[in-house]
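**Student:** Now for the letters of each chain:
2 protein chains.
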Amino acid sequence: MRAEIIATGTELLLGQIVNTNARFLAEKLAEKGIDVYWQTVVGDNPKRLEEAFRLALSRADLVLTSGGLGPTMDDLTKETLAKVLGLPLEPHPGWQEYLEQLFSRPGFKKMPANNRKQAMLPRGAKLITNENGTAPGVWVEKDGKIVVLMPGPPHELEPMFIKHLMPMLPETGSLIMSRVLKVTGLGESLMEELVADLVRTQTNPTIAPLAKQNETHLRISAKAASREECLRLLAATEEKLLARLGENVFARDDETMEEMVAKLLVAKKLTLAAAESCTGGLLAHTLTNVPGSSAYFLLGLVTYSNAAKERLLYIPASLLAKEGAVSEAVAKAMAQNARKLAESTLGVGITGIAGPDGGTPEKPVGLVYIALATPEDMQVKRFNFFGKRENIKERAVHAALNMIRLYLIRQTG
Amino acid sequence: MRAEIIATGTELLLGQIVNTNARFLAEKLAEKGIDVYWQTVVGDNPKRLEEAFRLALSRADLVLTSGGLGPTMDDLTKETLAKVLGLPLEPHPGWQEYLEQLFSRPGFKKMPANNRKQAMLPRGAKLITNENGTAPGVWVEKDGKIVVLMPGPPHELEPMFIKHLMPMLPETGSLIMSRVLKVTGLGESLMEELVADLVRTQTNPTIAPLAKQNETHLRISAKAASREECLRLLAATEEKLLARLGENVFARDDETMEEMVAKLLVAKKLTLAAAESCTGGLLAHTLTNVPGSSAYFLLGLVTYSNAAKERLLYIPASLLAKEGAVSEAVAKAMAQNARKLAESTLGVGITGIAGPDGGTPEKPVGLVYIALATPEDMQVKRFNFFGKRENIKERAVHAALNMIRLYLIRQTG
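Chains as they are written, first to last, in the numbering used here: chain A, 6 to 418; chain V, 6 to 418.
Note that these hints are calculated values from the structure, not bench results. Hints may contain errors.
What the hints assert, rightly or not - Below, in silico cross-link-like pairs of lysine to aspartate or glutamate (DMTMM-like), each with a Cα-Cα straight-line distance of 25 Å or less:
#, chain 1, residue 1, chain 2, residue 2
1, V, K150, A, E56
2, V, K33, A, E16
3, V, K217, A, E163
4, A, K217, V, E146
5, V, K393, A, D259
6, V, K52, V, E146
7, A, K393, V, E395
8, V, K217, A, D79
9, V, K268, V, D382
10, V, K147, V, E55
11, V, K52, A, E55
To be verified - A few chain A residues that don't get close to chain V, going by computed Cβ distances all over 12 Å:
#, residue
12, L18
13, L62
14, P111
15, I133
16, K150
17, L247
18, E281
19, A300
20, M383
21, Q384
22, K398
23, T417
Yeah, the Cβ is synthetic: ideal placement off N, Cα and C, and Gly gets one too.
Whole structure, please, built from the sequences with the hints as guidance.
**Tutor:** In structure tokens:
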């Protein structure tokens with residue numbers, strides 16, 4: 006089965022928004038084993054929209070559109086499809102009533118006459134409920150082709166597609182499932198060397214590397230007749246990759262580094278405090294993005310100035326003067342004192358130069374020291390990150406979290 | 006002049022990546038007054054790629070592609086275009102030499118034979134330099150049509166387009182310029198009421214509202230024959246909108262709330278400290294994203310636990326017990342004590358329930374108190390934010406920054 010995705014809307018053609026609907030639909034169709042050969046973007050123009058429908062129907066079995074189902078005159082996806090298929094538009098009494106009720110709630114004005122347009126369907130079409138908006142989806146079958154119309158806002162389209170449309174799509178007898186392994190701590194070229202032969206030679210599952218700022222994602226995609234067979238193929242390849250990459254694989258799929266750290270801290274009943282300079286609170290923010298983080302994240306200090314480092318963190322002025330605020334010794338003192346102040350198991354200290362100003366030949370922008378104080382010892386690492394201010398902050402936080410993660414997984418008992 | 010954008014690549018058709026190149030190119034073409042009527046995505050398939058080229062050449066004067074210029078067998082954009090236009094591919098000696106030099110640097114392996122493909126051009130084509138990769142761009146003119154081929158990675162395509170291709174594009178005698186006004190602190194419906202008539206009736210410039218999480222963007226787009234005329238139109242409409250929206254307009258174009266706060270603090274030589282509970286460091290992180298923030302952001306404290314609030318921020322245990330950590334009184338004490346500890350002009354205190362757990366009927370998830378301690382007085386506001394944990398954190402930080410901004414702009418002298 007071949008599908009084509011048509012997204013409509015002037016905002017897309019003017020480059021004001023990015024076409025996330027096409028990506029979302031393409032991914033979900035791939036999971037169902039449905040091939041997408043074409044994606045098209047066209048404006049809210051009746052002639053070109055008609056041309057897009059005719060072309061798509063000539064080369065695909067399933068045509069999916071997003072956008073153009075609103076109440077205004079500019080919204081004409083449904084009207085154009087009705088014309089192309091030669092079907093009259095008829096009111097759908099259920100949706101009309103639903104809309105009227107919606108607009109009769111306290112605080113709402115009377116339903117504008119325009120909205121009635123949203124309850125019109127091509128004859129014989131199925132209405133697809135929209136729990137998040139006034140425009141229902143439309144499912145039409147004609148001459149062996151299926152056309153599905155969906156509203157443009159992603160928060161309407163995505164739940165509608167997953168909840169109502171996915172189950173209606175024909176089974177193709179083959180489906181594609183993917184799994185992503187997230188790898189960190191290896192240079193890109195070393196990482197490539199470790200897995201290049203698998204990436205090159207494996208065809209099912211395929212392995213596709215994607216370099217991100219702090220991590221490389223290895224996407225494993227398996228094609229098979231059943232979910233079980235897909236899962237079996239994925240697991241076998243995952244095992245091969247884990248054997249080569251070991252503890253550098255820090256998470257799978259949607260899991261994040263901070264979630265993995267959180268899980269380990271919770272499981273081991275350990276606590277953490279952080280003193281940040283150049284990352285300016287990003288480590289604390291990242292840690293506290295995980296629900297329940299109050300159980301292990303006791304304290305964060307953002308001591309940007311030397312005065313704050315002295316007064317709040319008790320870093321001796323003499324040490325700051327002798328070593329400089331960006332130094333191994335200060336990173337260690339920050340980690341140790343954060344740990345003591347919070348009475349936590351672990352303490353992290355981060356000091357560095359996030360730029361764009363403040364660098365010197367000896368201490369360039371991107372130089373960051375990260376220290377981890379543990380009950381057993383003190384670790385400290387020196388990094389030279391590149392990139393813009395935000396990138397340096399993000400890389401430093403990622404590196405700090407990875408130091409914590411490695412400490413926790415290497416801990417015996 | 007009409008343009009069509011063709012993006013190639015299996016990752017796009019499988020929904021693994023989003024088509025940011027099309028958005029970028031569409032936006033830049035709109036600025037040049039070039040209309041984009043179609044965007045197409047097609048896989049690395051010679052037959053369909055050929056079909057895409059023929060179709061685009063039949064309906065556009067300018068065809069731009071991204072992707073398929075790599076060294077592998079799968080990369081066939083150039084080969085397909087040469088076939089469609091009936092032009093032979095010929096080696097470009099300069100680029101071939103450049104590639105050979107590139108691969109002869111220390112640490113590089115010998116240039117793979119494949120890469121030679123990247124130095125081939127259709128006869129008569131112009132080579133467009135790529136400063137960020139091995140695939141050059143291609144500019145071909147034939148039968149009154151222009152075809153431009155660009156590499157797929159955005160960090161190669163974007164600088165190539167801006168630096169080399171934008172100046173080569175024909176002048177259209179009309180261009181579109183946009184300006185965005187960012188508005189906050191007004192409910193969406195109130196905001197709509199204030200500007201609805203302008204949005205509805207103005208045609209040049211047009212005004213398009215776009216609701217974001219914490220703010221509404223009003224995009225003003227003017228079309229005119231010259232840059233000067235566009236700027237005049239934009240300024241006139243901006244003035245009308247400012248007259249209605251006043252201090253609720255907090256920034257223009259790419260300016261952020263935190264940059265505006267930073268500018269005001271720097272101009273007035275004032276300093277700031279923050280004590281955060283539910284926002285977990287996001288306020289500090291946001292403030293320190295602005296280069297030079299060390300001049301005014303003296304201290305951030307992330308006191309997630311009551312113990313940290315008592316020990317580090319000197320919030321009396323009795324107050325925490327009586328009012329609860331999420332209360333107006335505690336927000337005020339946090340703001341005041343952060344200010345005193347840091348010896349800063351202003352102090353911010355944020356306490357609330359970010360969820361998803363921890364809510365009660367009296368203090369539901371999303372309840373946030375924000376206090377601002379100033380030399381003159383103490384302000385405190387109570388908010389009920391909705392959304393997920395991250396949304397609540399972001400909304401609270403935005404509200405806190407806006408309180409600071411309003412204090413600073415209302416300050417006389």
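**Student:** Indicate, hint by hint, whether the structure satisfies it.
**Tutor:** Hints versus structure:
1. V:K150 x A:E56: holds, 22 Å
2. V:K33 x A:E16: Holds, at about 13 Å.
3. V:K217 x A:E163: Distance ~18 Å between V:K217 and A:E163 Cα, so the pair holds.
4. A:K217 x V:E146: The hint is violated at about 37 Å.
5. V:K393 x A:D259: Answer holds: V:K393 to A:D259 is near 17 Å, not above 25 Å.
6. V:K52 x V:E146: Within the cut-off at roughly 22 Å; holds.
7. A:K393 x V:E395: holds, 24 Å
8. V:K217 x A:D79: holds, 23 Å
9. V:K268 x V:D382: With a Cα-Cα distance of about 22 Å, the restraint between V:K268 and V:D382 holds, given a limit of 25 Å.
10. V:K147 x V:E55: holds, 16 Å
11. V:K52 x A:E55: Satisfied, since the Cα-Cα distance of roughly 24 Å is no more than 25 Å.
12. L18: violated, 5 Å
13. L62: holds, 15 Å
14. P111: holds, 14 Å
15. I133: About 20 Å separates A:I133 from the closest Cβ of chain V, which puts it past 12 Å; holds.
16. K150: For A:K150, whose nearest Cβ neighbour in chain V is about 19 Å away, the distance exceeds 12 Å, so it holds.
17. L247: About 22 Å separates A:L247 from the closest Cβ of chain V, which puts it past 12 Å; holds.
18. E281: Non-interface label on A:E281 violated, nearest chain V Cβ at 8 Å vs cutoff 12 Å.
19. A300: Answer for A:A300: violated, closest chain V Cβ roughly 9 Å.
20. M383: holds, 22 Å
21. Q384: The claim holds: A:Q384 sits with its nearest Cβ about 22 Å from chain V, beyond 12 Å.
22. K398: violated, 7 Å
23. T417: Correct as stated: the minimum Cβ-Cβ distance to chain V is 29 Å, above 12 Å.
Checked against the numbered hints given earlier, this structure breaks hints 4, 12, 18, 19, 22; the rest are met.
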